[in-house]
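Residue numbers (the working numbering), protein chains in the order written: chain A, 839 to 979; chain B, 82 to 271.
Any given hint could be a false lead.
Residues from chain B that face chain A, not an exhaustive set, calculated with beta carbons under 7 Å [claimed, not checked]:
1. Arg89
2. Leu90
3. Arg92
4. Leu95
5. Glu100
6. Glu104
7. Thr108
8. Asn112
9. Asn144
10. Tyr186
Derived list of chain A stretches under chain B, where covered just means 3 residues or more per stretch with a C-beta under 8 Å from a C-beta of chain B [to be verified]:
11. 840-852
12. 867-881
These aren't lab readings, by the way, just hints derived from the structure by calculation. Glycine included, every Cβ here is placed at the ideal spot set by N, Cα and C.
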Amino acid sequence: MPKFALTLSQFARGSVKVYNLLIDNIDQFEAFEDDLEDKYYSQFISFAATISQISENKKPPPRGKRRKLEGIDGAAEMRSNDLRLYYLTLKNHGYTICFCGYKKNQKKDIRKLNNLKRKLENQILEHGKLEIKKINKGKSS
Amino acid sequence: MGNSKSKRLTRENLLRSSEFWIENIRTELYNMVQEYMDENDLSRKDLADELGVSKGYISQILNGNSDHRISKLASLATSLGKAPYVFLKDLETVIEEDKSDINIYIDFEELEYKAERCDYLDRVSSEKTEWNFNSLRNSNLPFDYLDIKATWPSYWAVEEEQWSSSVIIKPEINDESINPFEENSLADAA
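Could you build all of it, start to finish, from the sequences and the hints given here?
This is the structure in structure tokens:
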């Protein structure tokens, strides 16, 4: 059984908390970035910009850029041309960025998100609130 | 900043990217148009007809996919009854402010509200210092004024007390020598 924890997104500085999901101490958002091809990088930056806006309660455009995922309570995806970012609104945990994926794998990733949500909720049920880890991320380039 | 990935994206590099600011402009535009539609109870088609643009153009804005020509942006703004100012702020200052946890987003409505209130203020006092808003009001330095307003919410906690049209402003900054109502004092501090 994987162990889940959270870490505050470095792009979220506002009052609305946005966390990255850690699975066995691996930050899923960063893991995706590590394997990302250069040609998709500007789309990834746009995700980070939107995370920053959400954290500041700036209301980025709801249509086109984001949509709720039907059939999965509290789940949504952020969209760019080729990339998808999947996140959950878990009770008492703010927004939780679960992972990113490619548009071409969307169906598979939505199923993956559904399974992940069940496991996350089980862990919360059994062990209480998810641990929030402080990870020292480089402040400068 | 180019778009090639050599290492992990940091908050600082996010702020250095054009994508970050493009997304902000798109969001501001979206909120402006959405607010106008809500206030006037307009559909996308109604708004398109009123502005003389295509429905697709309105959809682009509401979907956050717009990439405006300056002429189209100005035309949209004036059609909505807004004057489209452009304000450019020094990026290094913004990055330093962000590192100090000063909010880099400008709430224009809040600034407008506070600017209006300034016009009614004759006296301002804090526990240690008094500043006269008249000097600010009579200033012929609009961009300094704007800069002060832009940084005001981050630097100051404002507590309104209804006595003789005054507002108590308590400094929240550590360096008490900084007086934001003196010309260039913020720039010197930065």
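Three-residue Cβ test at 8 Å for the coverage of the stretch 840-852 of chain A by chain B: This one holds; 4 residues, not fewer than the three required, reach chain B with a Cβ under 8 Å.
Closest C-beta approach of Thr108/B to chain A relative to 7 Å, hint status: 5 Å, holds
Satisfaction of the Leu90/B interface hint, Cβ to chain A closer than 7 Å: 6 Å, holds
Cut-off 7 Å, beta-carbon criterion: hint that Asn112/B touches chain A: Holds, about 6 Å.
Residues of the stretch 867-881 of chain A with Cβ under 8 Å from chain B, three needed, outcome: n = 7 at 8 Å, threshold three: holds.
Status of the Arg89/B interface restraint (C-beta, 7 Å, chain A): 6 Å, holds
Interface restraint verdict for Leu95/B against chain A (beta-carbon cut-off 7 Å): 5 Å, holds
Hint status (Cβ of Glu104/B to nearest Cβ of chain A, threshold 7 Å): 4 Å, holds
Interface hint status, Asn144/B versus chain A (Cβ within 7 Å): Holds - the Cβ of Asn144/B comes within 7 Å of chain A, reaching about 3 Å at its closest.
Hint status (Cβ of Arg92/B to nearest Cβ of chain A, threshold 7 Å): With a closest approach of 5 Å, the Arg92/B hint holds.
Status of the Glu100/B interface restraint (C-beta, 7 Å, chain A): 4 Å, holds
Cut-off 7 Å, beta-carbon criterion: hint that Tyr186/B touches chain A: Hint holds; Tyr186/B Cβ to chain A Cβ min 5 Å, cut 7 Å.
The structure fails none of the hints (numbered hints given earlier).
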